[in-house]
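J.: Take these sequences, add in the hints, and give me the full structure.
2 protein chains.
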Amino acid sequence: MERSVWSFHQLIEERLARALESGYGARMYFEMFGQIKKILGQLEKWLEAAGAHATAKSFDPSVYLTLRLAPDQFPFARQVQTACDTAKLAAARLSGKEAPKHADNEQSLEDLRARVKSVLEYLNGFSAADFEGAATRHVTQPRWEGKYMLGADYFLEHALPNFFFHTTHAYALLRHNGVSLGKRDFLGPLSMHAP
Amino acid sequence: MERSVWSFHQLIEERLARALESGYGARMYFEMFGQIKKILGQLEKWLEAAGAHATAKSFDPSVYLTLRLAPDQFPFARQVQTACDTAKLAAARLSGKEAPKHADNEQSLEDLRARVKSVLEYLNGFSAADFEGAATRHVTQPRWEGKYMLGADYFLEHALPNFFFHTTHAYALLRHNGVSLGKRDFLGPLSMHAP
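Line by line, the protein sequences are chains A and B. Under our numbering, the very last position in the first sequence is 195; numbers go up by exactly one each time. Under our numbering, the very last position in the second sequence is 195; numbers go up by exactly one each time.
I should point out that these hints are in silico values taken from the structure, not numbers from a laboratory. Note that beta-carbon positions come from the ideal geometry of N, C-alpha and C, so glycine has one too. A portion of the hints provided could be inaccurate.
Stretches of chain A that chain B covers, calculated by requiring three or more beta carbons in the stretch to come under 8 Å of a beta carbon on chain B [said to hold, decoys possible]: (1) 30–36; (2) 118–130; (3) 143–152.
Across the chosen pairs, the derived CB separations fall in these ranges [as the list claims (entries may be wrong)]: (4) A/Trp144 to B/Ser180: 22 to 28 Å; (5) A/Asp60 to B/His193: 44 to 50 Å; (6) B/Thr136 to A/Glu145: 55 to 61 Å; (7) B/Met192 to A/Ala70: 52 to 58 Å; (8) B/Gly146 to A/Ala56: 35 to 41 Å; (9) B/Lys147 to A/Ala56: 32 to 38 Å; (10) B/Gly178 to A/Met192: 38 to 44 Å; (11) A/Val63 to B/Ser118: 40 to 46 Å; (12) A/Lys183 to B/Gly125: 43 to 49 Å; (13) B/Ser180 to A/Leu11: 54 to 60 Å; (14) B/Asp60 to A/Gly125: 51 to 57 Å.
T.: Encoded structure:
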């Protein structure tokens, strides 16, 4: 019995450690990607609102694609492309999968909407189990010249802030150029409960 | 012995469930606030860069405080104040603590830097244990008229996107108005490892 107690204690600790390092982490990443998907869904609505604004004002909607907040910042189209790539590559890198390629050849708001939808479709194919072990995975990319980040650091320090950086710049560019959007359009619906 | 096996099994499941719902969640929130603190630290550097730019160009640095990207968006000062409040209130609400009050009376970039530093100081007082049970905590605020969000939803759907929304708007406003900043100034240093 003494021996059994000790080995069960060990089993508890081992299962806890595994849960901490993989299972729970996997659920956490899955939930974070749920939020990323939600914001991408909102981005698609901003693109729709931009098109409606251009129609109402009788100007070519594709002018949005080249607008910038500063001459040495990405233009609108590349803000949207980079937001999409950040989400897509984060999911791929944290799960050890290959991300689908996109040619960055969007010429219209409709093309950009299709890009967002294609990334949403890709992200919809992930389950929590895909992110098991994500926190300790080694993540790298060509421009890092062989250096790597641990998955947990990569997600928190790189993927998440970059995703919000580019989606917010896309939103801010539209607001700066007359599209009627508000904070609710950024956040989307909230999971509120009645008292 | 049969009985012991069963009760140990139960103990394992209970400890796992507790770990999943509180302990690990607490660590996750603590790490997320680590990232929030990092971005706040970067925001303080952007404010410093804005002051240096104004000095180099011989204009009054306080003009930054009233700049807007759209006439119906918050001006720069309020973007910074709201980023600070979002971080401060998220930590307070998820831990059941009272947040320190700020009077929103900043008149200069230096005042805004002091605001950021004061929130960083407040956040430095938190440990992972403060966020135990955060995911299931009921979070509300006066404007929600009695409705509430669960802590996990509140953090992911509200606090985190709002924090990045306002910090990115502060950054974009400075970039739009000539301050020399780049993505590295937004992200701060990354936890890279040699191959």
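J.: Work down the list of hints and note, for each, if the structure agrees.
T.: Hint-by-hint comparison with the structure:
Check on the segment 30–36 of chain A: 4 of its residues sit with their Cβ under 8 Å from a Cβ of chain B, so the three-residue criterion for coverage holds. Evaluation of the coverage hint for the segment 118–130 of chain A: breached, as 0 residues show C-beta separations to chain B shorter than 8 Å, against a requirement of three. Check result for the segment 143–152 of chain A against chain B: holds, 7 residues qualifying (beta carbon to beta carbon below 8 Å, three or more required). Taken as a hint, the range 22 to 28 Å holds for the pair A/Trp144 and B/Ser180, whose Cβ atoms sit roughly 24 Å apart.
The hint said 44 to 50 Å for the Cβ distance between A/Asp60 and B/His193, and at roughly 48 Å that hint holds. Distance hint check for B/Thr136 and A/Glu145: the Cβ-Cβ separation is about 44 Å, which falls outside the suggested range of 55 to 61 Å. Evaluation of the 52 to 58 Å hint for B/Met192 and A/Ala70 yields a failure: the beta carbon distance comes to about 27 Å. Judged by the Cβ atoms, the range 35 to 41 Å given for B/Gly146 and A/Ala56 holds: they are separated by roughly 38 Å.
Checked against the hint of 32 to 38 Å, the pair B/Lys147 and A/Ala56 passes, with Cβ atoms roughly 34 Å apart. In this structure the hint that B/Gly178 and A/Met192 lie 38 to 44 Å apart at CB holds, the actual value being about 41 Å. A hinted range of 40 to 46 Å holds for the C-beta pair A/Val63 and B/Ser118, which are about 43 Å apart. Between A/Lys183 and B/Gly125 the C-beta distance comes to about 29 Å, which lies outside the given range of 43 to 49 Å.
A C-beta distance of roughly 57 Å is found between B/Ser180 and A/Leu11, which places it inside the suggested range of 54 to 60 Å. Taken as a hint, the range 51 to 57 Å holds for the pair B/Asp60 and A/Gly125, whose Cβ atoms sit roughly 53 Å apart.
When the structure is compared with the earlier hints, violations turn up for hints 2, 6, 7, 12 and for no others.
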